[in-house]
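Residue numbers (the numbering used here), protein chains in the order written: chain A, 17 to 641; chain B, 4 to 476; chain C, 262 to 368; chain D, 526 to 1025.
Be careful, since some hints might not be right.
No more than 25 Å apart at the CA atoms, straight line, and that leaves these computed lysine-lysine pairs for PhoX-like [said to hold, decoys possible]:
#1 Lys-351(C) - Lys-619(A)
#2 Lys-437(B) - Lys-355(B)
#3 Lys-178(A) - Lys-127(A)
#4 Lys-619(A) - Lys-437(B)
#5 Lys-178(A) - Lys-962(D)
#6 Lys-463(A) - Lys-383(A)
To be clear, the hints were calculated from the coordinates, so they are not data collected in a lab.
These figures come from a predicted structure and were not determined experimentally.
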Amino acid sequence: MTLLLALIPILPLFGFLVLSIFGGRLPWKVVATIGTGSVGLSALLTLIIGTVFLSLPSPDGVYAVNLWEWINTGGLTANISFRLDALSLVFIFVVTFVGFLIHVYSVEFMKGDEGFSRFFAYMNLFVFSMLVLVLADNLLLLYLGWEGVGLCSYLLIGFWYKEPANGYAARKAFIITRVGDTAMIIGLFLLFINLGTLNINELMQQASLKWAMGSPLALLTAALLLGGAVGKSAQLPLQTWLPDAMAGPSPVSALIHAATMVTAGVYLIARTHVLFALAPAVQTAVAVIGALTLLLAGFSALTQHDLKRILAYSTISQIGYMFLALGVGAWSAAIFHFMVHAFFKALLFLAGGAVILLLHEEHDIFKMGGLRKKMPVIFWTFLIGSASLAALPLITAGFYSKDQILWFAWSASNGSPWLWAAGFVGAFLTSLYTFRMVFITFFGETKTEPDHQPGKLIVIPIVILAVFSLLAGFIELPGSMGSFHLFSDVLNTLLPSVILSHENVSEIVFQVLASVISLSGIYLAYVLYLKKPALAGSFNKSRISNFFYSGWGFDRVYDIVFVKPVVWLADIDKNDFIDLFSKGIAMVTIFFNKALSLMQNGKVRWAVMALAIGIVFILTIMMNL
Amino acid sequence: MSPSDFLCLTPVMIIAGAPILMMLTIAFTRNYKVIYGFSLTAFSIAFLSLFFILPAIPCRISTLFIFDQYSILFSGIIILASLLITLLSYDYLLYQESEKEEYFIILFIASLGSLLLVAASNFVTLFLGLEMLSISLYVLIAYRRSRDHSIEAGVKYLILASVSSAFLLFGMGLIYLDTGSLEFDKIVPALSSADHSATLLFTGFGMMMVGIGFKLALVPFHMWTPDVYQGAPVPVTTYIATVSKGAVMALLLRFFFAIRGFQNPGFILIITILAILSMFVGNLLALRQQNIKRILAYSSIANMGYLLVTLLIGNETGIHAAIFYIVSYIITSLGAFGVITLLSDRQNDADKLENYKGLFWKRPWVAIVFTLSLLSLAGIPLTTGFIAKFYIVFTGINSGLWLLVISLIINSVIGLYYYLRVITALFSPANEEKLPPVSLAGHLVLGIVAVGIVWLGVNPEGFLSLIAHFSVL
Amino acid sequence: MVTIPIEIQILFAASLFLLGLIGLLVRRNIIFMLMSIEVMFNSAGLVFIIAGSRWGQTDGQVMFIFILAVAAAEVSVGLALILQMFHHYKTLDADELSKLRDSKNDS
Amino acid sequence: MILLDLILILLTGGLLAWITGKWSSILPRIISFIAIAIDLLLTLSIFLKQEGFGHTAWLINYRTNWIPSFGISLHLALDGLSLLLLLLTFFLGLLSVLISWKEIRERVGFFHFNILWILAGIAGVFLSMDLFLFYFFWELMLVPMYFLIGIWGHENRTYASYKFFLYTQASGLLMFLSILALYFIHGRNTGIFTFDYQELLGTSMSAPIAFLLMLGFLAAFLVKLPIVPLHNWLPDAHTEAPTAGSVILAGLMLKTGAYGLLRFVIPLFPEASVRFAPAGMILGVIGILYGAKLAFAQTDLKRLVAYTSVSHMGFVMLGVFAFNTIAYQGVVMQIIAHAISTGALFILVGQLQERIHTRDLNLMGGLWKQTPVMGAMGLIFAMASLGLPGLANFVAEFLILTGTFRANILMTCLASIGLVAATIYSLRIVQKVFLGKEATVWKMKDLSIREKIVCGSLVIVVFWLGLFPQPVINTAKPSVIKTLNSIEQVSINQNTNPIP
């Protein structure tokens, strides 16, 4: 069984190697089959192992396989070895399953593109790195996956390399995530030096043994790991790179910047939950960051014109919800929301991508309109996705996951009314901007005509994802509706369950409130953007909307604070002022040379004069010594 | 004058007799080849005779000469160097229209003067030897009348050399006045034990230093060197750079070590200042020089500065270091100047840097020897110059001469620059200038020099033990 | 016969020597330079005579004769050279002899 | 005896190549290829039967008298560290011969003479156990490199070759003074006057003198390592050298400095190096940050890569003064990893220059379309130089930073900023050269078979070191422990916490 576990990541790696070495020469059909096939096979394997894992759990609830000893020197031991437990099972399920669907989608989406094999090579490499990240049993291997994922996001954002702007966006993404990664690696050093190991569960045991609750070391390491998570998951303050990352092809945005990579931060915090439990201050910080980010992203999404940028900001906001859940200690709720979010956000990106493809690369939603009739399948799937995003009560999965988070935000021991209020306002904003997007793109009169209908390879994945966005919610029913906690029971074997603070307020009240707020958001969107578009028009011109549009001005601030000084510093000293020292020494010697060579003017009498001076000099020394 | 004395004198007698015989042969037939062959055989016989007189040494001849291992070693060096120089000069003078033969005769007289200097144990022999050497050099320097520089160089050298000899004489006179004797054995105890009050003695010695300083081209007395090196015919310049400096240095070494000059603070201060000045001025002047001869002139000033450090070492190893340095310096200068001689044709000497552009690609063998000698002058490993400098620094540190050693290090870095300039010219893209063919004798000299440089650079052990054996004072 | 004290004698020789040196420095004409060199040689010889007389040895005078001989040889070669110089340069001015020098334009 | 053969084969190979250079231009290339290949096989054979030599640090020891009157002996010895460095030398040497197959057209014989003599000098430096012999080889590798830069270099090669020669020679002479001073101090203490490394190891001397002598040694190694105040020769030398020259310069010459630190500075002067440690670390960090800053300010591609090696070598400096096993293993890994990745980058730049005859970044752009294979290779090595995990540099930098973290936390954090800076300049290389719009349309072919083999072998080694570094770590372990033992004594009598 463990050998199969090792095969899951190795298959996409094998796909990457074949495609990168022979990609250029193979026909596109073969490339497509290898690309999708490898991910499909590993999805199949995940299913098999998943069922076996859930049905007859092994004694300590873990499958582990050790491939080879990577580094072993001076007390630092890190092996290439994978560990499957409940948490990583969810993640590999989502990565492989959603990944497979996206690969199928991109066979048609990328057809005819001259970098076809290169695209699939990078996608396979990405799936491999993500699988390594979630299956790694020590933090160093996790870091390998972590950076591999960053690399693939760089490669894929800048996939259409002809356009320098894409290159710039790719570099921005890689550098900002790299800042987060540096914080994380310092956290790794701290952990290794103080706890002597990098193996994750040994680390957790050592931490709980050695560090008291709230001890400075625990706080510092948790904060550093949080820094890494914030960088990778595009949370405040390192969130500016995600909207620009939309420069990549839509399947890339779907897979990397919606479903899997951006949630790596959530996985890291969930995996090292013992550390965060030991550092309550940092845990609340996680919650606060989540809350702030979801508000910031919510407002920004309201003012975007580009379809994909709206979805990007919405992703930031939804991950904010996950951070909120982690912050208040609702570990399984966060992971549940991650899974549901992966389905409907991937769906939205794929459908949106299809829309953009059909309207021959038109990104601005105000130039679209009335597509309801032109592409009914895409419209209905897009509607389901948006409903699930906006958490339409009872029918969509989004409702169950977001509601659970809102409920725990209030009721959890270290939750607080303020956090709940932020989540509540966020929910309202989410439904508002989602349906603003739906009404503007699909309703009203058509401004650009789609030239052809989407192929079957685009439609099938979208439909499957739509089904999942609806049904996925039912595996986790809240208390008021029969409390069927299949999902959290599985996870609670690994992650601690939520400690509820005060019991008096019942869950029903919060569910009703949440549904009311999402419906009113939808209605307001209907009024603003369908009934009287003029009203929304005035809002768009105002200065506030420009402020939101630019992602609360973070880009400008970072540009002034970080980019300008470094560029200025580089320009002023382009060729290394230290070089002047060596030139200075040379100058001095040449000066002496010139002075002395004046004396060599070849006149005999000067020579005799020198002789005379010499003798006078010698005699003076002789006299007084 | 016992028979063993005559035996000791044989090499000097041979070198003295040869010019007389040559003059007689010239009286009969003025044949260039015959004279050339004759001088070669004379030099080699003299060199061989050195081995015969080995058992008879040390012998003192009437307080005028002292033939001990030290002077035999230096006589050998001088004779060998003169032999190589005659080999070089044959082609150089071949196209001169008249009096080619007298050149070799005067060369013999000069060598005779040097031999006397090396074996001097009396002020008289010192003076005679020095004057014999100087006067023959006056003539040799101005030998190619056709070229205008020769005469200018000759006149300059004449005036300055005679002035310095006058100083030397005056110094000798004062010392004689004070000590009452001309022999070294009497003067040495007086000088070594002289305390602060013996003004006459010290002024005398100071004045003598001028004469010696002039011949070694130390800094205050160096102004003539670049002009004479440039003006004189190249074999003569080689002769000045190697034999005349070697002989005078041998004399100074013997005299300075005998009077234990390294204990007298006055001498130490003078020698240190002279050394440092020579090193810095020599190297600094050569930095932007375009004329190869002038570069080598300045580098010889600097090298004499390095050599002066060995005087202050204070123990026996100082002499070994000095001898090794002199020998390596002579071989390297023979190499460098030899190349210039071989490349100079009828009209003008190859002294501009441009003539050497691309020599690597036209005459690889000549260029290799030239690079080897330049690297040896610079003190880069694999060459004898490196071991020589290493030996000086080695003994210098051993006796704590930190100031001198550090200035030596700084100067060898400054010196690197202009040696590299020449080497860069050597292997820069070739110009189309035609170079004269190199004769068999020329190749022989270059071969000997190349082997000498590399052999002493890589495996100096044999020669070191030879020096240790021969330099017992 | 009145014996002049040794200091005066040395002073006299030294002053003679200095005269020669200054003559050399001041004079531009080569022949006069040669003459001042002769003066310096003779003053050196004089010191030897003084030393010889002081120590009552004949070495001083023998040395003086050597000095004379050498000075003569040196002058003869010098005059030959001056002849050539005049023939070639048409002048006897020492400062004319300055073609061999560090030229300005060395790079 | 095998050690001496390694050097002699190269020397004679060089002479042979030069002589045959007159008749045909192919023969010297073949001769030099064969000479280096033989040496590589010999070292590989030693590497494979490593355990056979027992666990004493010195695998092979060879000693004969050279100049007994000074106490100089021809003493060559091989241990884990020098074995690895020898393998690296011959591997990169082989590659540099392969790359200059087409690039060097005229005077091929003399070119390969220089290459082989530099490699002989470098091999000698890694093997010599006699300080005089060490200095001898230290200078020996200098002259042929001067010729290499001076004859086959690019625009202002003369200036670069002067600067290179003067910098290294001046610092080398300072080291020479320290060697002699050490020789005499040892001689006066024990009466034996010898240059032998093993005997000189234990010389006891007063702290100020020890510090002074260490500074002498440090001068030579820090110029070679390039640490910031003394690094000015590197960009010029690298930009002007031909490809083979800059590969050997970056891949091997810089490593002699690092090797010197590990072999001579730390064991010979333990107390002084412990006292110098904070300053050393600060120099290292300055090197990292200042090198990186300069790297992304350059428009000349080769100069950019040169400055990156200044930054990478800052890590080595940091690791050496952290005095613990992990940091030293990191240093050994960094030496090898940097040699491979920067060597490869120089090879690519050389191939690029062969095709488009310029190194100006503004004229390049969008080359991926015409040369995808070169683009892929460039991408891999740029990623290696920014320390992507899974490649060699990451393992090295991670070990160094972990080791330094134990010694000094602030320095490690500053050095980690270097990681971000590394990302910026590496991505700038890839962006400016291979991606983006085509500034000028070049017509050029992709990599030929020969170039593919060269780059391919480097890619394999980078990945192999990144994923299987353990064999290298095990080989270097004995010599690392030996170096640290000398520090052990110091920390015991200064009763700081013992080094793990």
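Violations among the numbered hints, reported as their numbers in ascending order: 4
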